[in-house]
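Residues per chain, in single letters:
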Amino acid sequence: MDDLLTDFLAETAEILAEAGGALVAWEADPADRARLDAIFRLVHTIKGSSSFLALPRVTALSHAAEDALDQVRRGNRAANAELVTGVLGIVDRLSQLCGLLGQAGVEPPGDDGDVIAALAADGEAPEAPETTAEGGEIQLRREDDFAIDAQGWRTIRVPLPLLDSVMTGVTDIVLARNEFARMLRETGADPSLIASFDRLSDSIAGMRQSVSQMRMQRIDKLFAPLPRIVRDLAQDLGKKIRFATSGGEVELDREMMENIRDPLIHIVRNAIDHGIEKLDDRVAAGKDITASISVSARQSGNQIEIEVRDDGRGLSPDALVQKAIAARLLPAADARALTPREKLDLIFRPGFSTASKITAISGRGVGMDIVKANVEKIGGVVDLRNDEGRGLAVVLRVPMTLTIISGLMVRAAGQYFAIPRGSVREILLETNDSVRIERVGGGELVTVRGEPFPLLRLETVLGRERDPGDDVEDRALVLVRPGQGQSYALSVAAIHDHEELVIKPAAPMIMATGLYAGTTLPDNGRPVLLLDVQGILAAAAIDASEAGRGMDRAAEADASAAAERGAAQLLLFRDVGGRTRGVRLSVIERVEEVPALALFESAGRIQVQIGDDIFPVHAARLPEDHGALKLLRLYDGQMVLCYPIEAVIDIVRLPDMSQPAAAPGLIAGVVLIGGEPVEIVDPFWLMEQYAPGLTAAPAARQPVCRLADDRDGWGDNFLAPILRSAGYRVVSESSGEAADVLLCLTGDGTCAHDDDDVPVIRLRASAAPIGPDDDTVYRYDRGALLDALRRRTGGDRP
Amino acid sequence: MMDKLYLIARIADTRVALRSRSIHSVVAVGAPVEVPAAPPHVAGLFALRSRVFTLIDPHVVVGLAPVPAVAGQRVVVVDVAEHGYALLADAIEDVCFIDAPEARVTGKLLPGWARVAEAMIEHEGQSLLVVDPAHFITLPALKAA
Chain C
1 MDDLLTDFLA ETAEILAEAG GALVAWEADP ADRARLDAIF RLVHTIKGSS SFLALPRVTA
61 LSHAAEDALD QVRRGNRAAN AELVTGVLGI VDRLSQLCGL LGQAGVEPPG DDGDVIAALA
121 ADGEAPEAPE TTAEGGEIQL RREDDFAIDA QGWRTIRVPL PLLDSVMTGV TDIVLARNEF
181 ARMLRETGAD PSLIASFDRL SDSIAGMRQS VSQMRMQRID KLFAPLPRIV RDLAQDLGKK
241 IRFATSGGEV ELDREMMENI RDPLIHIVRN AIDHGIEKLD DRVAAGKDIT ASISVSARQS
301 GNQIEIEVRD DGRGLSPDAL VQKAIAARLL PAADARALTP REKLDLIFRP GFSTASKITA
361 ISGRGVGMDI VKANVEKIGG VVDLRNDEGR GLAVVLRVPM TLTIISGLMV RAAGQYFAIP
421 RGSVREILLE TNDSVRIERV GGGELVTVRG EPFPLLRLET VLGRERDPGD DVEDRALVLV
481 RPGQGQSYAL SVAAIHDHEE LVIKPAAPMI MATGLYAGTT LPDNGRPVLL LDVQGILAAA
541 AIDASEAGRG MDRAAEADAS AAAERGAAQL LLFRDVGGRT RGVRLSVIER VEEVPALALF
601 ESAGRIQVQI GDDIFPVHAA RLPEDHGALK LLRLYDGQMV LCYPIEAVID IVRLPDMSQP
661 AAAPGLIAGV VLIGGEPVEI VDPFWLMEQY APGLTAAPAA RQPVCRLADD RDGWGDNFLA
721 PILRSAGYRV VSESSGEAAD VLLCLTGDGT CAHDDDDVPV IRLRASAAPI GPDDDTVYRY
781 DRGALLDALR RRTGGDRP
Chain U
1001 MMDKLYLIAR IADTRVALRS RSIHSVVAVG APVEVPAAPP HVAGLFALRS RVFTLIDPHV
1061 VVGLAPVPAV AGQRVVVVDV AEHGYALLAD AIEDVCFIDA PEARVTGKLL PGWARVAEAM
1121 IEHEGQSLLV VDPAHFITLP ALKAA
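Sequence order for the protein chains is C and U.
Taking the numbering used here, I'd label the letters of the first sequence as residues 1 to 798.
Taking the numbering used here, I'd label the letters of the second sequence as residues 1001 to 1145.
Misleading hints may appear alongside valid ones.
[As the list claims (entries may be wrong)] Here are the in silico distance ranges between beta carbons for each label pair:
{"#": "1", "chain 1": "C", "residue 1": "S406", "chain 2": "U", "residue 2": "E1093", "range": "51 to 59 Å"}
{"#": "2", "chain 1": "C", "residue 1": "A117", "chain 2": "U", "residue 2": "P1101", "range": "56 to 64 Å"}
{"#": "3", "chain 1": "C", "residue 1": "D92", "chain 2": "U", "residue 2": "L1110", "range": "37 to 45 Å"}
{"#": "4", "chain 1": "U", "residue 1": "S1022", "chain 2": "C", "residue 2": "Q103", "range": "23 to 31 Å"}
{"#": "5", "chain 1": "C", "residue 1": "D3", "chain 2": "U", "residue 2": "A1028", "range": "38 to 46 Å"}
The set of hints was computed from the structure by calculation and includes no laboratory data.
Just so it is clear, CB atoms sit at the ideal spot from N, CA and C, and this is done for glycine as well.
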C-alpha cells in the first residue's frame, strides 16, 4: 500500500477517535464554541486529505459532516442530540471505510446516502435558529482553522516498529558501551582515550534519554474514545451520565498505554452497567438523576495513577460474598472469615461477575480478573475505594514506563537482584546501632529507631541457602514500602549499587512465581531479575500494614515513629539565580521541561503554554536564552503555578524550621540541610500572588448567569468574558438551563423578566443613576457589577 | 521448500526433528543466571544481543532429571507469545531438507514425549519424532501443581 494512504489512515483513525469524544463533550455543552470549532477542524482535515487522495466516499461523508457543523457555527442550525447522532453516524461510517481501505488498499464502492440523509433530514426540521448577524466574524475564524492545520507539519509520523527498533538499538549500544568500559578499565588505557570514551558515553546516555521520551505519549489519547463509549452505553441503558476526564497531559510510555487501554474501557463499561443505578433507583436513593463518572490521571513519582470514579451504588461486600458462594467460588465456611477488604477482592476472582445476570455490555467473559491480570502483567496495581451506596473508585497504578527505572542492585544467595528504587524507603547495615533484630515465635522482626518492621530474608523468600562466601558485615536491610500504609524490611547479603535499568517483562512462568516484576540487563551484560516487592509480601504471607504496629512500645518510640511518618519531604533545587532553595514535595505536581519559547508575557505576567493549557509562571521577566527550561509545577488542588528552576538537587526530609522569616514573602524561612542554609519557599504565599486573576473555579460549583435582552451582542462580547473569569458560567437567554442570576442588558434599566424567582440585576448604559431609587448598575462599573452578583448568588464567590 | 527444512538435534537424550520455521536461531549460551523459585524446567536466564532469554531444560519437560547447562552449550532459540526462550540441546546435528512426508506417531510414547511430539518423519533410515518447541515451554498441569 502506498505510503500516503497509510499515513492518511493512521491520521484519520486518530482524528476519528478524538472527534467522537469531542462531539459527545460538545453535545453536553453546545454553547462551547471552542469545542465546536475543534470538531469542525478535525472533519475539515479529513475532507482535505481525502480529496487529495481521491477517495470520493470519504470526501462526501466528511463534507456532509463539515457542512452540518458549519450550519451550526453560522447559527443556522441548532445543536441537538439528533445532529450529534447524525455526525457520529458519519464518524462510524468513516471508521468502517478506513478499516476496509486498510485491508483492500482501495475505497470499496457503496452508498452512504443513508447516513448523509439522516444528518441532512433533521437539519430541515424547524429548529429555532440560534442567533443571527455574525457571518463576518465566522469567516475570520475559518481562516484561523487553516492556520492551525499548518502547524501539523511541525511533527512527523514514524512507524512504531521503527521506534521500537531504535529503542532496541540504543539498548544494544548501551550494553556494548558498558562492555567496552569494563575492558578499558581492565587494560588500564591512557587518560586521553578514556576522556574521549567518556564523551561518547555521555552522548549515548543523552540519546537513551531522548529515545525513551520519544515513546511517551499524552494520556488523553487513551481517554479520547471514552466519552463516546459512555454516551452510547448510557443511551442504550437509558441512564443519564455526566462524564469528565482530567489530567490528560500526563505522559505515559506508549507500550503501557496499549496495556491499559482494554482494562480502562472495561472498568468504565462496568461503572456504567453495574455501578450506576437505574433512574428510578437513583431518585429513590435521593441522588441526582444524572450520574457522574470521572476518569483522572495523576503522576506520582515514576508511577501513574488512573482513577475511574462513579457515584453509583458502590459494591456491597455481603452481596459479593453471596454471589461468590452461589457461583461456587468460595465455600460458605470460609466466607465468614473474610475481612471486608477480602470480600471486595472477590470481584477479582476468575469467573466472578457482579451483575445478577450477564448483560451484553460488560458480562462477556472478560471480568475484573482479566483487568487485574493485565495491569499486574505490566507491574501495576488495581485498587478499589468503595463507598457502599455512594459510589466506587477503581484506581490503576502503573509504572510510567516499562523501559527504564532506577533500581537498587542487591545480592543474595550468590546472585544479583534489582529492587525498584521508588519503593525503597531506607537502606541500613544490619550492624547499624539503631537496628535491633529479634526472633519472635519463629518469625523475625527488626526495630529501627523505635519503629518495628516485619523482617524477611531474601534467601528464605527465594528458597535458597545463604552463600557461604558472603561477609556477615555486609548484610543490609532494605526498608521497602510496596504500597500505601505498608512496609517491611528485606534482609540481603549485600547492597551493590544503583543503576538505571531497562526493564523487560519476564517469561510468564517466571512472572507466575509472583516474586519477580521483570528482567533487566545491567552494565555487566548478565541478566538480573527485578524483584516484585508487593509479590514477595504476598508470597511470605505476612501482614505488613503499618497501622497498629508498636502499640505496646514506649511512648517516646511511638512519637518518633509518628514523626517519621508525619515528616514532610523537601525538594531541594537550584533556582534560576543559582541559589539553593527547597519546597515541600507534596505541593509539587511534577517537574516539567519546556522550551523557553513556550513562555510568553501577557497582561503583565509571565505565562507558559504546556500542551493545551496556560499556567502562570513565577518570574519577573522572560528568560533570555532560548534553551530548555525546567519548571516546578505547584498544585494546590485548584490551580497550577509554575516555578522556574535550574536543576533539581535532591529530596530530603524536612527538618524543623530553624529560622522563620520576619515577614510573609516568597521565603518562609531558612533551614540547615547538610550544614548548608537552604531557603524554604512558601507555597501559600506564592499561590496567593497568582490566585486572584485565575479562572480555576471548579466547574460543578459555578453559579450560572443568564444574559437577557442582549440585542447587540455586548453581553456576549464584553460582559461574558469578565463574568467567566470571575468564576461564573454564562448562558444565553434562549438556554433552558436554570440560572442563579439574571442580567438584564436593556440599557435603559427596564426588564421584561421580572416574573421569575431568579434574582435580577439590571444594567444601564449611562454612568449616572437615573434617580435616587435606581437600583441598576452602570455596565462599565466592574466592581459594582461583581459586587451585585456576589450578593445575589449567595456571596461565596470571589 | 521451507516446509521441508528440518533441524536435527539431540534434545533430552533423543534425536528429534524440529521444523525450521518454528525456530528463531541456534546459538551458544553464555553462563546462565538462575531463577530461584521458578518451575523446575526453567534452567535460568541468559542475554543475547540485549534480549533476555529464558532457558528451558527439555529433560525436565519429558520427565527426566534436570541436566545443568554448561557455558558454551548450544541452544535452540524460539519465540513463543512474544517471549524469547532457548531449549538446551545435547547436540545440534544438522539442518537438512527431508522429502519424506510427516507421518502420524505410531507406537506408544512416554507421556512426556507424547505431549510434545506432533508427528514422525523418516530420515536416513531412522524414524525421528517431529516436535514443536513451543510445547516445551509449558509444563503439564499436574507437574506444575
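Hints and how they fare:
1. C:S406 to U:E1093: 51 to 59 Å: The hint (51 to 59 Å, Cβ to Cβ) is violated, given that S406 (chain C) and E1093 (chain U) are roughly 46 Å apart.
2. C:A117 to U:P1101: 56 to 64 Å: holds, 60 Å
3. C:D92 to U:L1110: 37 to 45 Å: violated, 56 Å
4. U:S1022 to C:Q103: 23 to 31 Å: holds, 28 Å
5. C:D3 to U:A1028: 38 to 46 Å: holds, 41 Å
Violated hints, in rising order: 1, 3; the structure is consistent with all others.
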